[in-house]
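> With chain A held as given, fit chain B onto it using these hints.
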Amino acid sequence: MDARATQGPWMEHGREAALVLAARRGELPALFELLRAFQLPLWRVCFALTRHRGECELLVQETARRAQKNIKQLPEGQSFLPWVLRLARILALTEARRRAGEPRTAVAALRPDGTRWEDGTRGVIDLAFEQRLLTAFAALSVDEQLLLALRLFERMPYAEIANALEQPLTATMHRIAMVRERLEQPTPGEAAA
Amino acid sequence: MRHLTVQQISASLDGALVGVSLELVVRHLATCRECRARHARLSKQDDTLRHLLAWDPGAEYFEDASIRLETILDAQSRGVAPPRIAELEAHLPRVTLDEVLRAAQAATVTPCPAPSAEAASSEKPTMQFPSWMQPETNRPVTPRPLPREPRKPTTPIEPVVLGRKEPPVMTPVIIPEPEPVAQVAPVAPVIVPVIVPEPEPIALVMPVPAPIAARTPEPVPTTEAPPIVARRRALPRWVPPMAFTAAGITALLAALSALPPVIRIPEPELPRFPRIELVKRQPTPAPETSLKVAATEQATSRLTANAVPPVAVATPPTLVEPAGSEPEPFEAVVHEPSHTGGKPPTPMAMPAARQTTPARPTSAPVLPVAPVVPAATSPVEPTTTTSDVDPAADWPLLCGEVLDDTGAPVAGARVLLADLDLGARTDKRGRFCLAAPPGDRTLSVVALGFAAARQVVSLGTQTLEVRIALHPAP
Numbered sequence: 001m002d003a004r005a006t007q008g009p010w011m012e013h014g015r016e017a018a019l020v021l022a023a024r025r026g027e028l029p030a031l032f033e034l035l036r037a038f039q040l041p042l043w044r045v046c047f048a049l050t051r052h053r054g055e056c057e058l059l060v061q062e063t064a065r066r067a068q069k070n071i072k073q074l075p076e077g078q079s080f081l082p083w084v085l086r087l088a089r090i091l092a093l094t095e096a097r098r099r100a101g102e103p104r105t106a107v108a109a110l111r112p113d114g115t116r117w118e119d120g121t122r123g124v125i126d127l128a129f130e131q132r133l134l135t136a137f138a139a140l141s142v143d144e145q146l147l148l149a150l151r152l153f154e155r156m157p158y159a160e161i162a163n164a165l166e167q168p169l170t171a172t173m174h175r176i177a178m179v180r181e182r183l184e185q186p187t188p189g190e191a192a193a
Numbered sequence: 001m002r003h004l005t006v007q008q009i010s011a012s013l014d015g016a017l018v019g020v021s022l023e024l025v026v027r028h029l030a031t032c033r034e035c036r037a038r039h040a041r042l043s044k045q046d047d048t049l050r051h052l053l054a055w056d057p058g059a060e061y062f063e064d065a066s067i068r069l070e071t072i073l074d075a076q077s078r079g080v081a082p083p084r085i086a087e088l089e090a091h092l093p094r095v096t097l098d099e100v101l102r103a104a105q106a107a108t109v110t111p112c113p114a115p116s117a118e119a120a121s122s123e124k125p126t127m128q129f130p131s132w133m134q135p136e137t138n139r140p141v142t143p144r145p146l147p148r149e150p151r152k153p154t155t156p157i158e159p160v161v162l163g164r165k166e167p168p169v170m171t172p173v174i175i176p177e178p179e180p181v182a183q184v185a186p187v188a189p190v191i192v193p194v195i196v197p198e199p200e201p202i203a204l205v206m207p208v209p210a211p212i213a214a215r216t217p218e219p220v221p222t223t224e225a226p227p228i229v230a231r232r233r234a235l236p237r238w239v240p241p242m243a244f245t246a247a248g249i250t251a252l253l254a255a256l257s258a259l260p261p262v263i264r265i266p267e268p269e270l271p272r273f274p275r276i277e278l279v280k281r282q283p284t285p286a287p288e289t290s291l292k293v294a295a296t297e298q299a300t301s302r303l304t305a306n307a308v309p310p311v312a313v314a315t316p317p318t319l320v321e322p323a324g325s326e327p328e329p330f331e332a333v334v335h336e337p338s339h340t341g342g343k344p345p346t347p348m349a350m351p352a353a354r355q356t357t358p359a360r361p362t363s364a365p366v367l368p369v370a371p372v373v374p375a376a377t378s379p380v381e382p383t384t385t386t387s388d389v390d391p392a393a394d395w396p397l398l399c400g401e402v403l404d405d406t407g408a409p410v411a412g413a414r415v416l417l418a419d420l421d422l423g424a425r426t427d428k429r430g431r432f433c434l435a436a437p438p439g440d441r442t443l444s445v446v447a448l449g450f451a452a453a454r455q456v457v458s459l460g461t462q463t464l465e466v467r468i469a470l471h472p473a474p
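From first to last, the protein sequence lines stand for chains A and B. Following the numbering used here, the numbering of the first sequence begins with 1 at its first residue and continues without gaps. Following the numbering used here, the numbering of the second sequence begins with 1 at its first residue and continues without gaps.
Okay, chain A solo, but in the shape it has when bound (with noise of 0.2 Å):
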C-alpha cells in the first residue's frame, strides 16, 4: 500500500508530541494548533458520518469540547488524531442511538430542479447508481461508514485504521471488503421490488 496516498494530516511527530503535551498542562494555544492540523480530517469523517452541514459542525465542536476536557487522558507518545476520531465515532454512535427511529440523513447528489450542487450542470450520468448508493451508506453502521470514510476519503492505510478504531489489522481488512459487498449488494427494498 501506498502510504503517500494518504490524505492525512502533516505533523511532525515531535511537534505534535510537544503540542499533546502542552495541551495536556492545559495550555489552550496548544489544542487549537493540535485541532487546526487535524481539522480537514476531522470534518470530512464527521460529515462521512452525518451527511449534513449543520450537524457536522456541533459533532465537530462537540468533539472538541470532548477532547479538551479529557486531554489528559490520552496516552504520552499516542498520535492525536486516532484519538479524536474515537471520540467523533462515540458521539456518532449516541446520536444515532438517539435517532433510532428518526428517517436518516443523505445527501442528495442533485438540488430540487435537478441540477448539481456544485456547478449548476444538469444531467447525472448514473443519478439512480448514486441514490441507490447514498442509501446504502446511510443504512450502514457508525462503525461501517467511519471505516468507509477512512478508507476512501482519507486514504489511510489499514494499519492507520487499525489503530484509530482499535481493532486488529486483518479485522479491519476483512471489514472494508465486507462493507463494500454489502454497498454492492441490492437494498432490501430493491430486493423486494
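Possibly wrong hints are sitting among the right ones.
Said to hold, decoys possible - Which stretches of chain A does chain B cover? Using the computed rule of at least three CB atoms under 8 Å from a CB of chain B, they are:
id : region
1  : 76-89
2  : 143-153
3  : 166-173
Unchecked claim - Label-pair ranges, simulated between beta-carbon atoms:
id : chain 1 : residue 1 : chain 2 : residue 2 : range
4  : B       : ARG41     : A       : LEU169    : 20 to 28 Å
5  : B       : GLU23     : A       : LEU169    : 43 to 51 Å
6  : B       : GLY460    : A       : ARG98     : 22 to 30 Å
7  : A       : GLN185    : B       : THR31     : 20 to 28 Å
8  : A       : PRO29     : B       : ARG41     : 43 to 51 Å
Unchecked claim - With a straight-line cut-off of 20 Å between C-alpha atoms, the simulated SDA-like cross-links for lysine to any residue are:
id : chain 1 : residue 1 : chain 2 : residue 2
9  : B       : LYS428    : B       : VAL456
10 : B       : LYS44     : A       : LYS72
11 : B       : LYS44     : A       : PHE153
12 : A       : LYS69     : B       : GLN7
13 : B       : LYS44     : A       : ALA18
14 : A       : LYS72     : B       : GLY79
15 : A       : LYS69     : A       : SER79
16 : A       : LYS69     : B       : ARG78
17 : A       : LYS69     : A       : ALA128
18 : A       : LYS72     : A       : LEU21
19 : B       : LYS44     : A       : ALA128
20 : A       : LYS72     : A       : ALA128
21 : B       : LYS44     : A       : ILE90
22 : A       : LYS69     : A       : ARG99
23 : A       : LYS72     : B       : ARG68
24 : A       : LYS69     : B       : SER77
25 : A       : LYS72     : B       : VAL25
26 : A       : LYS72     : B       : GLU70
27 : B       : LYS44     : A       : LYS69
28 : A       : LYS72     : B       : LYS428
29 : B       : LYS44     : A       : GLU181
30 : A       : LYS69     : B       : GLY79
31 : A       : LYS69     : B       : ALA453
32 : B       : LYS428    : B       : ALA453
33 : B       : LYS44     : B       : GLN7
34 : A       : LYS69     : A       : PRO82
35 : B       : LYS44     : A       : PRO82
36 : B       : LYS428    : B       : GLU465
37 : A       : LYS69     : A       : ARG86
38 : A       : LYS69     : A       : LEU87
In case anyone wonders, no lab produced these hints; they're calculated from the structure. All residues carry an ideal CB built from backbone N, CA and C; glycine is no exception.
Below, chain B without anything else, positioned relative to chain A:
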C-alpha cells in the same frame, strides 16, 4: 475456475497486495471476465462515494469554523457557558432520504451534455446560500501532492490576560481641619460624632389634641399635626403616661371620631353578559318526529318539497340541533343580565373570531347558530359559519357520500367549502349534507390516511348529490 474473493478485490483496490498475492490477483483478473467486472463495479462504487460524500467548503469556511470552535473551547476553559450556535442548524437545509429519492424520481436520468460556459453562467441557481452554508458539494477528492510545503513555524499565541489593570494612583488628599464652632471651645483632637441612623419603622402618627398637649408636662416631639397617613417616622421613645388615663382615652376616641370616613374605591362597572342556563327539554312535538322520519333515507327531496328553511334562528333563544340525531335532553335558555347600576355595561373588545356574537343587552338575545340543515342520515356537524353570506337565504343542499378505493364509506371525513368557510363531517355511512348558497363551489374532502380530494360543484336551486372517492395517502 475459482473466483477472487471480495477481500482480494478490496485489497487490490486499496493497493494492499504485494508479492505473490498481487501476482495471483492480476493474473486472475486478466483471464476472468466476471471478476474483472466485479472489480470495476467496486472501483466505480468507491469513486462515486468519494465523489458524493467528499466535502471541501474551502479555507474561509474552515477559518470561520475554527474561530467558532476556539470561542467555544475558550469559554469552556473559563467555566463560562459556551455560546450555542443554535441558528446554524435552523438555517441549514436538512435533506432527508425521502427528499433525495423524490428528487431522483423527478429528475431526468438521461445524460445531457455539459452546457457551455455562457449557458452555465446564464443559469441561475434557484437557491442562493452563503459560501459556508452550501448544503452539498460534490467535488471529487483530489489527492494532494506529498510532501506538502513545509509548514511555517507558527507564531506562538500570546496568552491574553483578562482583567489586567494598572495599579491605581494613590493621591494624598488633605482634609482641612474644620473651623471651631463659636459655642464650643476648640479641643484637640477633634472628635466627629458619627450618627448611624436606625432603621425607621412604619408608624401611624396620630394628631394629639391641643388641650391634652397643654396638660402634658413635656410636649411630644412629634406633635406637628401631620396628616393621617402612614409614613416612615420614628416612633417616640417616650410614651406619656397620660395616654393610659381616662382623659387620654377620651381624647383618643375624639381623635378617632375626627378621622375621615373610609375611602372606598368605586368598583368599575363590570360588563355583564347573558347567562345561559340548561333547562330540561320538553317532549318534542309531532311535526319534528315526522321530520326525523322523513330525513332518514330520502330526505333531500322531501325537505326541498316541504320547503323547510335551512336556516334556524333562535327566537326564542334555544339551541337548534340537526334533525335526524338524538335530541339533546337539555336546551339552552338565555337570561338577560340585570343591570343594577346606572350605566349600561361597556362592551368589551372581543377578538375578531367572536365578533359574530355581539352582546345585545336591550333586546332579546339571539344565539348565533350556523345554518343547520336536517341531514339525510345524521350527524352532520356544521362546524363554522360564514359572515359574508346571507344565512337567511334559501340555500340548496349539497349532499353526498365519501368512499375509499374499495367503495367502503369513509367516516369522519371533513368536507369543506373552502371559499365559504362552511364544512361538515361524514357519518358512519360516509354521508354528509350541508347547505350553501348557489354558485360554483370548490368542495374539499380531507380524511386521515387519505389524500385530500377537491371537486368543483355547481350549486343551483336544487339539491345536489355528489360522490367523492378518496385515495390512500402516499
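> Decide, hint by hint, whether the structure agrees.
Evaluated hints:
Residue count for the region 76-89 of chain A with a Cβ under 8 Å from a Cβ of chain B: 0. That is fewer than the three needed, and the coverage hint is violated. Residues of the region 143-153 of chain A lying with their CB closer than 8 Å to a CB of chain B number 5, which satisfies the three-residue condition for coverage. Under a criterion of three residues with beta carbons nearer than 8 Å to beta carbons of chain B, the stated coverage of the region 166-173 of chain A fails, only 1 such residues being counted. At roughly 26 Å, the beta-carbon separation of ARG41 of chain B and LEU169 of chain A lies within the given 20 to 28 Å, and the hint holds.
A hinted range of 43 to 51 Å for the beta carbons of GLU23 of chain B and LEU169 of chain A is inconsistent with their spacing of about 22 Å. In this structure the supplied range 22 to 30 Å is violated for GLY460 of chain B paired with ARG98 of chain A, their Cβ-Cβ distance being about 59 Å. As the Cβ distance of GLN185 of chain A to THR31 of chain B is approximately 25 Å, the hint placing it in 20 to 28 Å holds. The given range of 43 to 51 Å is respected by PRO29 of chain A and ARG41 of chain B, whose C-beta atoms sit roughly 48 Å from each other.
For the given pair, LYS428 of chain B sits about 24 Å from VAL456 of chain B by alpha-carbon distance, which is inconsistent with the 20 Å threshold. Taking the CA atoms of LYS44 of chain B and LYS72 of chain A, the gap is about 43 Å. The hint is violated against a cut of 20 Å. About 14 Å separates the Cα atoms of LYS44 of chain B and PHE153 of chain A, which keeps this hinted pair within 20 Å; it holds. Distance hint between LYS69 of chain A and GLN7 of chain B is unfulfilled; the C-alpha atoms sit about 39 Å from each other, more than 20 Å.
For the given pair, LYS44 of chain B sits about 42 Å from ALA18 of chain A by alpha-carbon distance, which is inconsistent with the 20 Å threshold. Restraint check for LYS72 of chain A and GLY79 of chain B: satisfied, since their Cα atoms lie roughly 18 Å apart, inside the 20 Å limit. Distance hint between LYS69 of chain A and SER79 of chain A is fulfilled; the C-alpha atoms sit about 17 Å from each other, no more than 20 Å. Among the hinted pairs, LYS69 of chain A with ARG78 of chain B is consistent with the structure: their alpha-carbon atoms are about 12 Å apart, no more than 20 Å.
Taking the CA atoms of LYS69 of chain A and ALA128 of chain A, the gap is near 44 Å; set against the 20 Å cutoff, the hint is violated. For the given pair, LYS72 of chain A sits about 9 Å from LEU21 of chain A by alpha-carbon distance, which is consistent with the 20 Å threshold. Proximity of LYS44 of chain B to ALA128 of chain A is assessed by CA-CA distance (about 14 Å); at most 20 Å being required, the pair is judged to hold. Only pairs whose Cα atoms come within 20 Å are accepted, and LYS72 of chain A paired with ALA128 of chain A is rejected, the gap being roughly 48 Å.
This hinted pair does not check out: LYS44 of chain B and ILE90 of chain A have alpha carbons roughly 30 Å apart, beyond 20 Å. For the proposed pair LYS69 of chain A and ARG99 of chain A, the alpha carbon gap of about 25 Å is over 20 Å, so the pair is violated. A C-alpha spacing of about 23 Å is found between LYS72 of chain A and ARG68 of chain B, which places the hinted pair above 20 Å, so the restraint is violated. As the CA atoms of LYS69 of chain A and SER77 of chain B are separated by approximately 9 Å, the hinted pair is consistent with the 20 Å bound.
Note on LYS72 of chain A and VAL25 of chain B: the hinted pairing is violated, with a Cα-Cα distance of about 46 Å set against a maximum of 20 Å. Pair hint LYS72 of chain A plus GLU70 of chain B holds up; C-alpha atoms about 19 Å apart against a cutoff of 20 Å. About 41 Å separates the Cα atoms of LYS44 of chain B and LYS69 of chain A, which puts this hinted pair outside 20 Å; it is violated. Only pairs whose Cα atoms come within 20 Å are accepted, and LYS72 of chain A paired with LYS428 of chain B is rejected, the gap being roughly 69 Å.
The hinted pair formed by LYS44 of chain B and GLU181 of chain A meets the criterion: a straight-line CA distance of about 13 Å does not exceed 20 Å. Restraint check: the Cα-Cα separation between LYS69 of chain A and GLY79 of chain B comes to about 12 Å, which is no more than 20 Å; the hinted pair holds. Using a Cα cut-off of 20 Å, the hinted pair LYS69 of chain A and ALA453 of chain B is violated, with the two alpha carbons roughly 57 Å apart. A distance of roughly 19 Å separates the Cα atoms of LYS428 of chain B and ALA453 of chain B; the hinted pair therefore holds under the 20 Å criterion.
Proposed proximity of LYS44 of chain B and GLN7 of chain B is supported: the alpha carbons are some 17 Å apart, at most 20 Å. Between LYS69 of chain A and PRO82 of chain A the CA atoms are separated by roughly 16 Å; this keeps the pair inside 20 Å, and the hint holds. Distance hint between LYS44 of chain B and PRO82 of chain A is unfulfilled; the C-alpha atoms sit about 28 Å from each other, more than 20 Å. As the CA atoms of LYS428 of chain B and GLU465 of chain B are separated by approximately 18 Å, the hinted pair is consistent with the 20 Å bound.
For a cut-off of 20 Å, the pair hint linking LYS69 of chain A to ARG86 of chain A stands: about 14 Å separates their Cα positions. The suggested pairing of LYS69 of chain A with LEU87 of chain A holds, with an alpha-carbon distance near 11 Å, which does not exceed 20 Å.
Consistency with the previously given hints fails for numbers 1, 3, 5, 6, 9, 10, 12, 13, 17, 20, 21, 22, 23, 25, 27, 28, 31 and 35, ordered from lowest to highest.
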